[in-house]
Amino acid sequence: MSIHKNAKIGKGVSIGSYVVIEEGVIIGDYVTIGHHCIIKSGVVLKDHIIIGDMVILGQRTSSNKKMARKPSKHLGELIIEEDTIIGSQVTLYKGSKISEGVFLADYVSIREQVEVGSHSIIGRQAMIEPNTSIGSYVTIQTGSYITADTIIEDEVFIGPCCSMSNDKYMASGKGIHKGPIIRKGAKIGNNATLLPEIEIGEQAVVGAGAVVTKSIPAQEVFVGNPARKLV
Amino acid sequence: MSIHKNAKIGKGVSIGSYVVIEEGVIIGDYVTIGHHCIIKSGVVLKDHIIIGDMVILGQRTSSNKKMARKPSKHLGELIIEEDTIIGSQVTLYKGSKISEGVFLADYVSIREQVEVGSHSIIGRQAMIEPNTSIGSYVTIQTGSYITADTIIEDEVFIGPCCSMSNDKYMASGKGIHKGPIIRKGAKIGNNATLLPEIEIGEQAVVGAGAVVTKSIPAQEVFVGNPARKLV
Amino acid sequence: MSIHKNAKIGKGVSIGSYVVIEEGVIIGDYVTIGHHCIIKSGVVLKDHIIIGDMVILGQRTSSNKKMARKPSKHLGELIIEEDTIIGSQVTLYKGSKISEGVFLADYVSIREQVEVGSHSIIGRQAMIEPNTSIGSYVTIQTGSYITADTIIEDEVFIGPCCSMSNDKYMASGKGIHKGPIIRKGAKIGNNATLLPEIEIGEQAVVGAGAVVTKSIPAQEVFVGNPARKLV
Chain A
698 MSIHKNAKIG
708 KGVSIGSYVV
718 IEEGVIIGDY
728 VTIGHHCIIK
738 SGVVLKDHII
748 IGDMVILGQR
758 TSSNKKMARK
768 PSKHLGELII
778 EEDTIIGSQV
788 TLYKGSKISE
798 GVFLADYVSI
808 REQVEVGSHS
818 IIGRQAMIEP
828 NTSIGSYVTI
838 QTGSYITADT
848 IIEDEVFIGP
858 CCSMSNDKYM
868 ASGKGIHKGP
878 IIRKGAKIGN
888 NATLLPEIEI
898 GEQAVVGAGA
908 VVTKSIPAQE
918 VFVGNPARKL
928 V
Chain B
698 MSIHKNAKIG
708 KGVSIGSYVV
718 IEEGVIIGDY
728 VTIGHHCIIK
738 SGVVLKDHII
748 IGDMVILGQR
758 TSSNKKMARK
768 PSKHLGELII
778 EEDTIIGSQV
788 TLYKGSKISE
798 GVFLADYVSI
808 REQVEVGSHS
818 IIGRQAMIEP
828 NTSIGSYVTI
838 QTGSYITADT
848 IIEDEVFIGP
858 CCSMSNDKYM
868 ASGKGIHKGP
878 IIRKGAKIGN
888 NATLLPEIEI
898 GEQAVVGAGA
908 VVTKSIPAQE
918 VFVGNPARKL
928 V
Chain C
698 MSIHKNAKIG
708 KGVSIGSYVV
718 IEEGVIIGDY
728 VTIGHHCIIK
738 SGVVLKDHII
748 IGDMVILGQR
758 TSSNKKMARK
768 PSKHLGELII
778 EEDTIIGSQV
788 TLYKGSKISE
798 GVFLADYVSI
808 REQVEVGSHS
818 IIGRQAMIEP
828 NTSIGSYVTI
838 QTGSYITADT
848 IIEDEVFIGP
858 CCSMSNDKYM
868 ASGKGIHKGP
878 IIRKGAKIGN
888 NATLLPEIEI
898 GEQAVVGAGA
908 VVTKSIPAQE
918 VFVGNPARKL
928 V
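Chains as they are written, first to last, in my numbering: chain A, 698 to 928; chain B, 698 to 928; chain C, 698 to 928.
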């Protein structure tokens, strides 16, 4: 293990082999950390958290000269609340907050300025982009992609392999960047495609494989390409 | 290296740097293990297996309070048969069986209660959910998602980025969980979407990007959204 | 650290914990290497490169007996040019070239015989198959899949979760393997599906969720399944 002398480790903490804990990390009580994990400066872990193997916490943003979104220099900490369970091979960025009781499966990656509400589930390999809000008791299944600047309210269900985008003009430098808004309790079928700036109403349902090009009212069911009301 | 004194290692085994081998692991003869691999308790490796770098074998299931599928406490071992080749960054769960001569590419993840038949190929980043049966000489290409409770027979071909689901009511608590059945020799084009409980007949073909909402008879070709017989 | 005595390390190089550097590796000046990285034989890193954590450079190809594409024995080196930024959990194969100023995000995987042009961006989890050419100032967003034998010209934009294929007959042993050709400045929407051998003309636009079954002329906009000219 390589644990910095200024890291603060609680009582009853279990740490696997070849773990790196950098300067200033704060770890609560009864946390379990798997083998080969890397916990970087700027990470705060509360109590009773379970972390798998080969997890990276506190990743920093960077960019090359072509990139539109420049990383903020003042991201704040990565804060992970009590009773969270984190799988293996996960990467979480500095500047986000994971609420209590959340489940993050293997290979999940969450960028900066994201908040995940309590008791939500994020499936394996799901990728969450920056500046996104995810409510409580949300399910995002395996391999789904949540674009930047997105709002997902409580109790939303997103099936596997869904895709979203936030830039109508595809990097032309026109318009704003705005992802979808998915209202409380809406359900999105597997491999659905959501376009930028649309709103999916409360309890609405999007069928598997649908391509949603405009907003869907509450309670309604839309399917097809382009998605139309199911009749 | 961190190798438990009760692990059983065969002859001619090559082990990379920073490898962790936990208590009770059984490794056959002439196995090659890359750097940074983690082999957890409850793993049995037969002879002549090649394993890349940063591989996790014997991952355990877990869940949070929202999750419907609770992990079984009696999963059995992860058994990997002779001549299997495993890429890098792979995660395989305890309680599954990988048959002889299988190729698992980088970033593949296979959950518990899965059987992969002999000489099959699973492409990079493919995710296989629990309680799923995959036949022999099957190809699953890069990034495809195999949902839980699925049956894939021998010689099936699944192109890249395909998606499936197993829950018609999307976590409403209604109905059963049942993935597709894909019969012998069927072919599924890239980025196709398969709905729950459908059957793809023997030697049937699903076009790229098709959304399959009902079963397809043997030998037929279906394309479009929703998928219809190609005429 | 485990650094082979015949590796050649430049001045001002920073190396994290538990890094493995194999025989014959050449590393330029002012390179930063994160924790747990593995740099295998046959890798050449130029100056001012930044590499995240748990990165594998110089991965080798392999195959099982079912696989059509047998790995070449003479792949050459993996060459990474100046000012490249590489995220975490990335895997790059031996026999490819990454040009100056490229940004490769977390979980990117690039196979052998690929060239990535200068200042291009490849998003998280994107998978690039062998024998593929990617131009300069290209953007490939998160989770997109670039099949083998593909040509992507300069300034192309590929949204998130796009999919391509290169084998019209899906492993039947008929025909050739040929991916799409995407001409200069074309834009592909998220979760679009491209079939083998098609050409997307200069500055053409493919809508989100479109399924492109035939070539698209320059400047035109195609949407739907199958994709048709937007009118």
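The set of hints was computed from the structure by calculation and includes no laboratory data. Among the clues, some could well be false.
In this list, chains with the same sequence are indistinguishable; a pair is considered to hold if it fits within one copy or across any two.
What the hints assert, rightly or not - The list that follows gives simulated cross-link-like pairs (lysine to aspartate or glutamate, DMTMM-like), each with its CA atoms no further than 25 Å apart:
no., residue 1, residue 2
1, Lys770, Glu812
2, Lys865, Glu899
3, Lys770, Glu896
4, Lys871, Glu778
5, Lys794, Asp726
6, Lys926, Glu812
7, Lys705, Asp851
8, Lys865, Glu850
9, Lys708, Glu850
10, Lys708, Glu896
Status of the hints after comparison with the structure:
no.: 1; hint: Lys770 x Glu812; in the structure: within (19 Å within a copy, 32 Å between copies)
no.: 2; hint: Lys865 x Glu899; in the structure: both (24 Å within a copy, 19 Å between copies)
no.: 3; hint: Lys770 x Glu896; in the structure: neither (31 Å within a copy, 42 Å between copies)
no.: 4; hint: Lys871 x Glu778; in the structure: neither (38 Å within a copy, 32 Å between copies)
no.: 5; hint: Lys794 x Asp726; in the structure: within (19 Å within a copy, 37 Å between copies)
no.: 6; hint: Lys926 x Glu812; in the structure: neither (32 Å within a copy, 40 Å between copies)
no.: 7; hint: Lys705 x Asp851; in the structure: neither (34 Å within a copy, 49 Å between copies)
no.: 8; hint: Lys865 x Glu850; in the structure: both (22 Å within a copy, 22 Å between copies)
no.: 9; hint: Lys708 x Glu850; in the structure: neither (36 Å within a copy, 51 Å between copies)
no.: 10; hint: Lys708 x Glu896; in the structure: neither (46 Å within a copy, 53 Å between copies)
In summary, the structure is inconsistent with hints 3, 4, 6, 7, 9, 10 from the numbered list given earlier, while agreeing with the others.
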